[in-house]
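Protein chains: 2
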Amino acid sequence: MTQLPVSFDDVQTAQHALKGVVHRTPVLENGEVNDLLGGRLLLKAENFQRTGAFKLRGAYYRLLNLTPKQRACGVVSYSSGNHALGLARAAQMLGTSAILVMPSDASTAKMRATQKLGAQIVTFERDTQQSRDVVARTQAETSRIEVPPSAHPQVLAGAGTAALELLEDASALDTVVVPCGGGGLTAASAIVMASGAPSTKVFAAEPELFDDTKRSLVAGKPVPNPVGQRTICDAIMTPIPNDVTFPINLELLAGAVTASDQDIRAAMRFAFEHFKIVCEPGAVAGLAAILNGQIAIKDKVVATVITGGNIDAARFCALIGDKA
Amino acid sequence: MTQLPVSFDDVQTAQHALKGVVHRTPVLENGEVNDLLGGRLLLKAENFQRTGAFKLRGAYYRLLNLTPKQRACGVVSYSSGNHALGLARAAQMLGTSAILVMPSDASTAKMRATQKLGAQIVTFERDTQQSRDVVARTQAETSRIEVPPSAHPQVLAGAGTAALELLEDASALDTVVVPCGGGGLTAASAIVMASGAPSTKVFAAEPELFDDTKRSLVAGKPVPNPVGQRTICDAIMTPIPNDVTFPINLELLAGAVTASDQDIRAAMRFAFEHFKIVCEPGAVAGLAAILNGQIAIKDKVVATVITGGNIDAARFCALIGDKA
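Protein chains in written order, with my numbering: chain C, 93 to 416; chain E, 93 to 416.
In short, the hints are calculated from the structure, not lab data.
Heads up, a few of these hints could be off.
Pairs involving identical chains hold if they fit within one copy or between any two copies, as the list cannot separate such chains.
[Said to hold, decoys possible] Derived pair list, reagent style DSS-like, types lysine-lysine, alpha-carbon separation capped at 25 Å: (1) Lys161 / Lys390; (2) Lys293 / Lys208; (3) Lys111 / Lys161; (4) Lys313 / Lys390; (5) Lys208 / Lys313; (6) Lys392 / Lys111; (7) Lys390 / Lys208; (8) Lys390 / Lys293; (9) Lys313 / Lys293; (10) Lys392 / Lys293; (11) Lys313 / Lys161; (12) Lys161 / Lys293.
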């Protein structure tokens, strides 16, 4: 086994550091749903996390570990929105500033909320520009520190605290399914389970048209998604697995599963009806893969992370309202 | 102090009996909301309870305490929907049958779900018939046992377990605000706080046009609501305080507050945006009275029970979608 960049101990250290900063979110379960599915379904509700997504965990922890001098330089990152919100809030709480590089088609609700937290937004064109080039340019111009959404060990250790809480609050987990964009929460969850519950299988769940991790696991190396495709899962619409998270996922994951946008909408409705929770599309990729049958749940205990709930009312209603 | 029909010990006994049957629902809190309000807001999320509302607690506990012979007779009750769901499910779990007397304008989602749980529905006209007459007739015809939505000590003891969990999970509560229809959860919460946290003030929260408890507390005796009025809060649209819950509320409550239907919609939107949860209108009467300023929260710890989340997607979206 290769030496991984993040250990179980690192996640425990992060958990200690984040105490009182991030919310310990509940693990939801419903008796009637379990009867329906023939197994136990657990939802780690990170849509209840401060700023509406798990991302605050990694962003805050990374910022906390900067030296005062580094922190004073301010931070910069790419994000489709949830990491933007987490990083903007962390910057605000720790007395520094953030610039966020966001795709021009990012959720308007997420953009507005990011600005409201005092961060500056720089947009780029998803199909013709690389986010990393825009971040690099901004970084060079301003000497800000980059806090990537997933490709940093401290960001992963922070994200892993969600999985660590799940491990502490649930027992006898057969399977954990994690919505996967950049692969950070997936990798961090795999690290936590590999040490804390080695028999628990961890799967990445991706949108059908953004299954880069699935194909990359098969190929044994990062393979990109074709340019120009779209999914309603704005939070996990990533071009290619990155160099920090992919080696971990290749080493530790049991596999990857997918969900169509139709499956995603059905899962959002399921969460609305049975769990009374508001999920954004990307947050239910794991739930959708359980409901569409790609993840077996009969006679098993299966958990998935509901990664976020940042969606405005009009968009939410458009997605859950029409059963077509 | 008059001898109350339910004691703190009764609620503890009920809690023991309901273990493994009802879900221990989480108490939700959000750091950004607290910053916004200048105090701590806690939501006891009974919309996550099995069958989508706190009512299963009281219904199941009452059924559990029937003799086998009584239980075999089946049960009957009035309900606008949430007690119907709780009682239907409890009957199903304990191997008996339920007839529910529901107003003809009850939520279609609640009616459908009640039937799906195997219960039979008898409808009545809200403005021209008394639910109690219809229940009495059904009871006489069938020898079924009546399990009222609130007017029975064991139903109250069961409902009180929600407040007992809140007491165990939250500390230093200044105020608890409870949505109030028949007044059962309000009375049960007041009993729990009077013993467990005597300095905590308990308020009833009612729809502006169904403020019978508020006016009755002033009058010192049950005063009815005018016939023919409506509110979007279908779960707490009751005609008059009842003889079991009102004496308790008169003895123990700090007061009653109200919310307009517009306040209720704003509170549903607030819960959607900041807590990512689905609430039915009646469930946010307490939250609405906090947000409309009738309950002080600055520098305080204020909890409210989100009593249920049984609302279909179309209705939910109609209520939160239009900001008029």
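Verification of the supplied hints:
{"no.": "1", "hint": "Lys161 / Lys390", "in the structure": "neither (53 Å within a copy, 36 Å between copies)"}
{"no.": "2", "hint": "Lys293 / Lys208", "in the structure": "neither (39 Å within a copy, 35 Å between copies)"}
{"no.": "3", "hint": "Lys111 / Lys161", "in the structure": "within (24 Å within a copy, 53 Å between copies)"}
{"no.": "4", "hint": "Lys313 / Lys390", "in the structure": "neither (33 Å within a copy, 55 Å between copies)"}
{"no.": "5", "hint": "Lys208 / Lys313", "in the structure": "neither (39 Å within a copy, 50 Å between copies)"}
{"no.": "6", "hint": "Lys392 / Lys111", "in the structure": "between (31 Å within a copy, 22 Å between copies)"}
{"no.": "7", "hint": "Lys390 / Lys208", "in the structure": "between (44 Å within a copy, 23 Å between copies)"}
{"no.": "8", "hint": "Lys390 / Lys293", "in the structure": "within (15 Å within a copy, 46 Å between copies)"}
{"no.": "9", "hint": "Lys313 / Lys293", "in the structure": "within (21 Å within a copy, 61 Å between copies)"}
{"no.": "10", "hint": "Lys392 / Lys293", "in the structure": "within (12 Å within a copy, 44 Å between copies)"}
{"no.": "11", "hint": "Lys313 / Lys161", "in the structure": "neither (37 Å within a copy, 68 Å between copies)"}
{"no.": "12", "hint": "Lys161 / Lys293", "in the structure": "neither (41 Å within a copy, 48 Å between copies)"}
Of the hints listed earlier, those the structure fails to meet are numbers 1, 2, 4, 5, 11, 12, in rising order.
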